[in-house]
Structure formats: C-alpha cells, structure tokens
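Here the protein sequences line up with chains F and D, keeping their order. Following our numbering, the numbering of the first sequence begins with 3 at its first residue and continues without gaps. Following our numbering, the numbering of the second sequence begins with 108 at its first residue and continues without gaps.
It cannot be assumed that every hint is accurate.
List of simulated lysine-lysine pairs, DSS-like, C-alpha gap at most 25 Å [to be verified]:
1. Lys396(D) to Lys119(F)
2. Lys493(D) to Lys207(D)
3. Lys241(D) to Lys493(D)
4. Lys329(D) to Lys4(F)
5. Lys268(D) to Lys119(F)
6. Lys65(F) to Lys533(D)
7. Lys65(F) to Lys268(D)
8. Lys329(D) to Lys207(D)
9. Lys396(D) to Lys65(F)
10. Lys533(D) to Lys487(D)
11. Lys268(D) to Lys4(F)
12. Lys76(F) to Lys533(D)
13. Lys533(D) to Lys4(F)
14. Lys119(F) to Lys329(D)
15. Lys76(F) to Lys487(D)
16. Lys396(D) to Lys76(F)
FYI, nobody ran anything at the bench for these hints, they're computed from the structure.
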Amino acid sequence: MKTVMMIFSALIILLAFWIYSHAGIFDKKTMNDLGPALFPRMVAMGLIGLSLLQLFVCYRDTKSTYRVSEVFDKRVLFPLIGMGLAVFYVAGLMVVGYLIATTLFVAAMLWFLQMRKPLNVTVIAIATSGIIYWLFEKILIVPLPRGKFF
Amino acid sequence: MENILAGLQQLVQPTVLMVLVFGVGGGIAIGSLPGLTATMGVALLLPFTYGMPPVMGLVLLTSIYIGAIYGGSISAITIKTPGTPAAAATILDGFELAKKGEVGKALSMSTIASFTGGIISTLMLITISPILAKVSLYFSAPEYFALAVFGLSIIAGISGKSPLKGLISGFLGLFIASVGLDPVTSYPRFTFQSIHLMSGFNLIPVLIGLFAVSEAFVSMEKIMAKSQVITLKIKSQLISVTEFLQVLPTMLRSAFIGTFMGIIPGAGADIAAFVAYNEGKRFSKQPEKYGTGILEGVAAPEAGNNGVTGGALVPLLTLGIPGDAVAAVLLGALIIQGLQPGPMLFHEQAPVVYAMFIGMILANIVMLVMGLSGIRLFTKVTLVPKNILTPIILALCVVGAYAMQNSIVDVIIMLSFGVFGYFLQKMEIPLSPMVLAIILGPMAEINLRRSLLMFEGNLSFLWSRPIVVAFLMVGVLTFISAFIRYYRDINGRGIERDDRISQ
Numbered sequence: 003m004k005t006v007m008m009i010f011s012a013l014i015i016l017l018a019f020w021i022y023s024h025a026g027i028f029d030k031k032t033m034n035d036l037g038p039a040l041f042p043r044m045v046a047m048g049l050i051g052l053s054l055l056q057l058f059v060c061y062r063d064t065k066s067t068y069r070v071s072e073v074f075d076k077r078v079l080f081p082l083i084g085m086g087l088a089v090f091y092v093a094g095l096m097v098v099g100y101l102i103a104t105t106l107f108v109a110a111m112l113w114f115l116q117m118r119k120p121l122n123v124t125v126i127a128i129a130t131s132g133i134i135y136w137l138f139e140k141i142l143i144v145p146l147p148r149g150k151f152f
Numbered sequence: 108m109e110n111i112l113a114g115l116q117q118l119v120q121p122t123v124l125m126v127l128v129f130g131v132g133g134g135i136a137i138g139s140l141p142g143l144t145a146t147m148g149v150a151l152l153l154p155f156t157y158g159m160p161p162v163m164g165l166v167l168l169t170s171i172y173i174g175a176i177y178g179g180s181i182s183a184i185t186i187k188t189p190g191t192p193a194a195a196a197t198i199l200d201g202f203e204l205a206k207k208g209e210v211g212k213a214l215s216m217s218t219i220a221s222f223t224g225g226i227i228s229t230l231m232l233i234t235i236s237p238i239l240a241k242v243s244l245y246f247s248a249p250e251y252f253a254l255a256v257f258g259l260s261i262i263a264g265i266s267g268k269s270p271l272k273g274l275i276s277g278f279l280g281l282f283i284a285s286v287g288l289d290p291v292t293s294y295p296r297f298t299f300q301s302i303h304l305m306s307g308f309n310l311i312p313v314l315i316g317l318f319a320v321s322e323a324f325v326s327m328e329k330i331m332a333k334s335q336v337i338t339l340k341i342k343s344q345l346i347s348v349t350e351f352l353q354v355l356p357t358m359l360r361s362a363f364i365g366t367f368m369g370i371i372p373g374a375g376a377d378i379a380a381f382v383a384y385n386e387g388k389r390f391s392k393q394p395e396k397y398g399t400g401i402l403e404g405v406a407a408p409e410a411g412n413n414g415v416t417g418g419a420l421v422p423l424l425t426l427g428i429p430g431d432a433v434a435a436v437l438l439g440a441l442i443i444q445g446l447q448p449g450p451m452l453f454h455e456q457a458p459v460v461y462a463m464f465i466g467m468i469l470a471n472i473v474m475l476v477m478g479l480s481g482i483r484l485f486t487k488v489t490l491v492p493k494n495i496l497t498p499i500i501l502a503l504c505v506v507g508a509y510a511m512q513n514s515i516v517d518v519i520i521m522l523s524f525g526v527f528g529y530f531l532q533k534m535e536i537p538l539s540p541m542v543l544a545i546i547l548g549p550m551a552e553i554n555l556r557r558s559l560l561m562f563e564g565n566l567s568f569l570w571s572r573p574i575v576v577a578f579l580m581v582g583v584l585t586f587i588s589a590f591i592r593y594y595r596d597i598n599g600r601g602i603e604r605d606d607r608i609s610q
C-alpha cells in the first residue's frame with residue numbers, strides 16, 4: 003500500500019502543479035472579481051499540501067508494507083479485461099447502436115464471468131437488451147444510442 | 108377549514124386518486140432507474156397535464172416527485188447505483204447493509220424514513236409556509252457560499268477511516284467541478300478546446316461511473332477470485348418496532364433538515380441528504396458505525412431528501428421562487444394551469460392548493476404502502492447471481508448516462524470515471540467526498556465570487572452576516588471534530604486494514 007499511495011501522491015502533486023500553471027492563462031477578470039484562475043489555484047495548492055502530508059503519513063506508517071501486490075495483485079487482470087470489453091462496447095454503441103451492441107456485450111461479459119451454458123447466455127443477453135430497449139425507447143420515450151449503421 | 112374541505116372534495120375523485128397512485132408508482136419506477144431523475148420524470152409527464160383539471164395535473168406531478176425521490180434509494184441500496192443524485196448518500200450505509208444480507212431492512216428503513224420526511228415537510232408546508240418563506244429571503248450569495256462551505260466540511264465526516272484520503276478525494280472533486288466554462292466570465296477552463304467539455308462534467312454520468320461502474324469492476328475481481336457464483340442470503344425483511352423507535356429521533360431531525368434545505372432555492376435533495384447524514388452522525392451515540400451498514404445511516408439521508416419535497420414548494424407557492432429543479436418544472440405546471448404563484452394563490456385558489464397539499468400527504472402514504480409491499484420484489488435483485496447482475500447493471504448504466512443529454516460523450520465520461528473509481532477504491536480512497544465536492548464546488552465558487560462582487564472585493568461578508576457566521580462556525584467545528592475523532596480512534600484502538608477490497 004505504501005508504494006502505491008506514494009506514487010499516487012506524487013502523481014497528484016504533478017497534476018496540481020499542472021493545474022496551477024495552466025490556470026495562469028485564465029486571465030480574464032471583471033471588476034472586483036478575482037478571475038477564473040482563483041479557484042483552480044486554491045484547489046491546486048490544497049492538493050499539493052494534502053499530498054505532501056499523505057507522503058509523510060505513508061513514510062511514518064508502520065502497519066502497511068511497500069509491496070505493490072498488497073493492492074494490485076494478479077486478480078486486477080479480470081477488471082482490466084472487463085474494462086477492455088466495456089471500451090469495445092462503447093465503441094460498438096457508436097457503430098451498431100444500443101440493441102446489438104448491448105446483446106453482444108452482455109453475452110461476452112457473461113461468458114467472461116464463467117457462465118458456460120450457451121442457451122442461458124443467449125437468452126439473458128437478448129432479454130436484457132430487449133427489455134431495456136422496450137422500456138426506455140417505447141414506454142418512457144427516452145432515446146437510446148443509435149449507431150452509424152443501425 | 109372550508110378550504111381544506113373544498114380541497115378534499117376536489118381530490119377525492121376516482122380519477123384523481125387513480126392518477127395519484129399511478130404517479131407514485133411511476134415516480135418510484137423512474138427514480139429507481141439510474142439516470143432518470145425526479146426532474147426528468149416530472150418534465151416528461153408535464154405535457155400530459157395540459158388537458159387535465161388543475162388538481163389532477165398538480166397531484167400527478169407532485170406524486171411523481173415524491174415517488175422518484177424515494178425510488179432512487181432502491182437501486183442505491185440493492186446495486187450501489189443511485190437512481191437519483193439524492194440517493195448518493197444512501198449508498199454509504201444502504202449498500203453495506205445489503206452486503207450483510209439485510210437488504211430488506213435497509214429498504215424498509217428507507218421507505219419509512221422517506222415517508223417520515225415527506226409527511227413532516229408537507230405538514231410544515233401546510234401550516235407555516237408563509238413564515239418559512241421569509242427564511243429564503245434572507246439567503247443571498249454570502250449565505251449560499253457559507254452553506255456550500257458547511258456542506259464541504261462534511262467531507263471529513265464521510266471519509267471513513269482516513270479523513271486525509273477523503274480530503275484528497277474532495278479536492279480532486281473540486282478540480283473536476285471546475286472543468287468547463289467559468290461561471291462568472293465564461294472563460295473555458297481545462298476544456299482542451301473540446302465543445303463537449305464546455306459545460307463541464309454532467310453529474311449523473313460521474314455519479315453512475317464512480318459508484319456503479321467502479322463497483323462492477325470490483326465485483327468482477329471477486330467473482331473471478333472465488334470462481335463461483337456469489338449470492339447473498341437475505342436475513343430479515345422489515346425493521347422491528349424497537350429499531351424504528353431507536354431511529355425515530357434521527358428521522359425527525361433529518362426531516363426538519365431536509366425541509367429547511369428545500370426552502371433554500373438551489374439547495375436540492377442531494378445536498379440535504381448529505382447534510383442530514385452528517386448531522387445524524389454527529390448526534391449519534393455510535394458515530395464510528397456510520398458507513399459500516401447501520402439503519403441510522405439509511406434513515407438520515409432518506410428522511411432528509413424526502414424532507415425537501417415539501418420544503419421546495421414553500422418558496423414556490425408563496426413567492427413564486429422554485430426551491431429546486433423539480434419545483435422549477437412545477438412552476439411551469441402552475442402557470443399552464445392558470446395559477447399564479449405568490450401570496451395571493453392561497454386566497455384566490457385555496458381549494459386547489461389545499462387539494463394539492465392533501466394529495467401530497469396521500470402520496471406519501473401510497474409510497475409507504477407500495478414501498479413496503481414491494482420489498483420482496485426489490486430484494487430479489489440481490490439474489491440474482493453477481494455474474495449475471497454485473498453485465499445487466501453495466502447495460503443499465505449506459506442508458507442512465509446517455510439519457511440526460513443523448514450524448515455518447517457522457518457514456519465515455521461514465522466509463523472513465525468508472526475506471527478511475529475502481530483504482531481509487533483499490534487504494535482505499537473514498538468516493539463520496541469526491542461526489543460531494545463535485546455537487547458543492549460550483550455553488551461555493553460562484554457564490555464566493557458573487558459575494559466579492561457584491562462587497563466590492565471586501566471579505567467582510569464572512570463575519571458581518573449572522574447566517575454566514577453560523578454556517579462557517581458549524582462547518583469548522585464539523586471539520587475539526589471529524590479529525591479529533593479520527594486521531595482518537597488511531598490512538599485508542601490502532602488502525603485496522605480494510606480487507607474488503609483485497610479479499
């Protein structure tokens with residue numbers, strides 16, 4: 003945990019420095035107003051202070067270890083694959099639309115999450131996308147993503 | 108008395124009562140679906156009221172409002188996806204209760220607390236609305252700034268084991284909230300010349316991403332690690348009378364907080380829920396248990412957010428100033444029906460107004476009945492194996508994110524925050540402070556700068572206005588007490604590692 007938190011704190015400090023310097027170009031002010039850069043700069047200073055404090059706390063912490071595997075072990079691979087599937091799903095929404103993309107995504111996710119009965123996978127995938135589509139598009143008249151081709 | 112009887116006569120018609128029941132049921136359904144807010148539900152059904160008599164139209168819209176605010180808690184508790192922003196605070200203890208197998212208790216607590224909040228705020232609306240309306244007149248930019256600072260001070264209290272990590276999360280939320288056009292000068296900040304970021308990050312996709320999508324990724328890890336279907340065993344369904352009596356003071360306090368917050372224009376149910384949660388924790392005999400799954404932690408935000416339903420109508424009906432976004436839509440409904448909000452409304456259209464009030468009381472009763480009888484159905488969601496539920500939740504999340512602005516960019520934002528939220532959870536960095544900061548950051552910034560403009564750059568508004576001083580003092584005390592409690596816990600008991608995520 004210590005290593006991970008220290009790296010995270012360092013990244014936050016870098017982000018804060020970037021926020022502070024980038025805010026320098028927001029120079030539009032009105033009379034008696036302190037300008038659009040004020041708040042982001044206050045936030046950046048707060049982030050720097052808190053992250054330095056967090057680095058100090060990590061250094062003094064005797065209960066955690068420096069092992070990265072304490073936080074990120076091989077099990078993190080599964081959510082990473084899930085994230086990849088989700089990215090393909092969002093891309094699919096833009097190409098084939100909600101109905102087809104969701105059916106394929108749900109089927110792929112069920113298979114990935116160890117459901118191995120093809121009939122169950124097919125039925126659940128089609129039912130999920132069909133019910134959501136009917137409920138939102140037809141009943142609530144809330145449009146769903148439409149793809150380029152469908 | 109005459110007006111009440113006249114109102115009752117207009118209300119107790121079979122068609123009006125049917126519309127009321129339909130409104131509550133529809134509102135609960137809309138509120139429980141992620142991405143469909145109470146405002147959206149009321150706005151969607153507003154056109155249907157054009158041809159209705161005034162009482163029927165207003166009863167329909169207020170019933171949807173009441174049902175939707177409660178409905179958000181159902182998905183918040185069962186699948187950690189707040190159906191409405193107002194239910195974001197309910198996740199803190201509601202979902203933890205569900206993980207313990209006490210989803211029925213959490214849902215029944217939410218229903219009863221929502222009913223309590225709704226009834227108390229409606230009674231206050233009926234009896235003392237002209238007096239309460241005067242409170243809203245005392246609120247200007249400095250008071251709103253102080254209220255936002257007070258709300259932000261709650262971050263320390265909802266940060267769980269590490270207020271420091273909670274503050275980092277909160278400050279990241281403040282940065283996220285500053286993306287977009289500057290509210291005073293309209294200068295684009297951190298937009299990278301993208302038109303999609305000009306209006307900043309929409310709250311709904313961020314909420315859904317941080318809570319629901321990140322939780323889905325955490326679930327994947329647990330599902331694959333155990334290599335078997337994970338289901339919960341449901342313990343009991345309803346809270347006991349003893350539990351109800353123990354939680355009653357918290358519910359009453361939160362209902363008053365919600366009513367008060369509703370009276371202040373711009374302070375919506377989401378803010379009321381967090382403030383009520385924090386105050387519930389402050390007055391609790393076991394504040395350290397908040398966040399671990401206790402009934403008080405569900406009762407407080409739910410009574411608070413439903414307390415807003417009556418409070419938001421106080422400035423609307425008495426002054427013509429909507430108390431929140433839904434009230435703004437209701438203002439449109441009133442005008443469509445030929446009713447002019449303001450002091451004269453209670454004299455010229457008294458039967459219609461009182462019919463609406465009694466309708467709200469009935470709507471809360473119908474919500475209580477529907478909510479309690481629907482618990483068996485709602486709890487079945489938690490019995491669905493996680494490996495089936497997770498992809499369904501993700502499919503629903505996409506709809507929720509897309510529905511607000513019909514924009515695929517919102518879906519991308521939701522997914523990005525979902526990934527971000529997952530990694531924050533792995534590092535035991537709490538997400539609620541970030542959400543609270545995203546909600547309150549703009550309010551704090553806009554009103555600070557407006558105050559400076561009003562006072563010509565002078566900071567004297569911070570100590571010369573009594574309401575400002577009161578809020579700032581309570582905010583500072585809240586902040587300090589959270590840290591004192593944290594350091595007392597460390598020195599007294601030592602830090603225990605939270606193994607929930609790493610199991």
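Exercise for review: Quickly compare the C-alpha distance for Lys396(D) and Lys76(F) to 25 Å and report which way the hint goes.
Suggested key: Since the Cα atoms of Lys396(D) and Lys76(F) sit roughly 32 Å apart, the hinted pair is violated (cutoff 25 Å).
Review point. Is Lys268(D) close enough to Lys119(F), meaning Cα to Cα at most 25 Å?
Key: violated (42 Å)
Check your understanding: Hey, Lys65(F) versus Lys268(D), does the alpha-carbon distance stay inside 25 Å?
Key -> holds (14 Å)
Practice item. Could you grab the alpha-carbon distance between Lys533(D) and Lys4(F) and see if it respects the 25 Å cut-off? Key: holds (13 Å)
Check your understanding: Regarding the pair Lys241(D) and Lys493(D), is the alpha-carbon distance no greater than 25 Å?
Key -> violated (51 Å)
Review point. Can the restraint linking Lys268(D) and Lys4(F) be considered satisfied, given a maximum Cα separation of 25 Å?
Key: Within the cut-off at roughly 16 Å; holds.
Review point. Is Lys396(D) close enough to Lys65(F), meaning Cα to Cα at most 25 Å?
Key: Given pair Lys396(D), Lys65(F) holds - Cα atoms ~23 Å apart, limit 25 Å.
Exercise for review: For the pair supplied as a hint, Lys329(D) and Lys4(F), confirm whether the alpha-carbon distance does not exceed 25 Å.
Suggested key: holds (23 Å)
Review point. Do the alpha carbons of Lys65(F) and Lys533(D) lie within 25 Å of each other, as the hint requires?
Key: holds (17 Å)
**Study point:** Lys329(D) paired with Lys207(D) [C-alpha distance capped at 25 Å]
**Key:** Measuring from Cα to Cα gives roughly 16 Å; hence the hint holds.
**Study point:** Agreement of Lys76(F) and Lys533(D) with the hint, judged by alpha carbon distance not exceeding 25 Å
**Key:** Holds: Lys76(F) and Lys533(D) sit about 13 Å apart, inside 25 Å.
Practice item. Sort out whether Lys329(D) lies within 25 Å of Lys119(F), counting only the CA atoms. Key: holds (21 Å)
In terms of the numbered hints stated before, the structure departs from hints 1, 3, 5, 10, 15 and 16, listed from lowest to highest.
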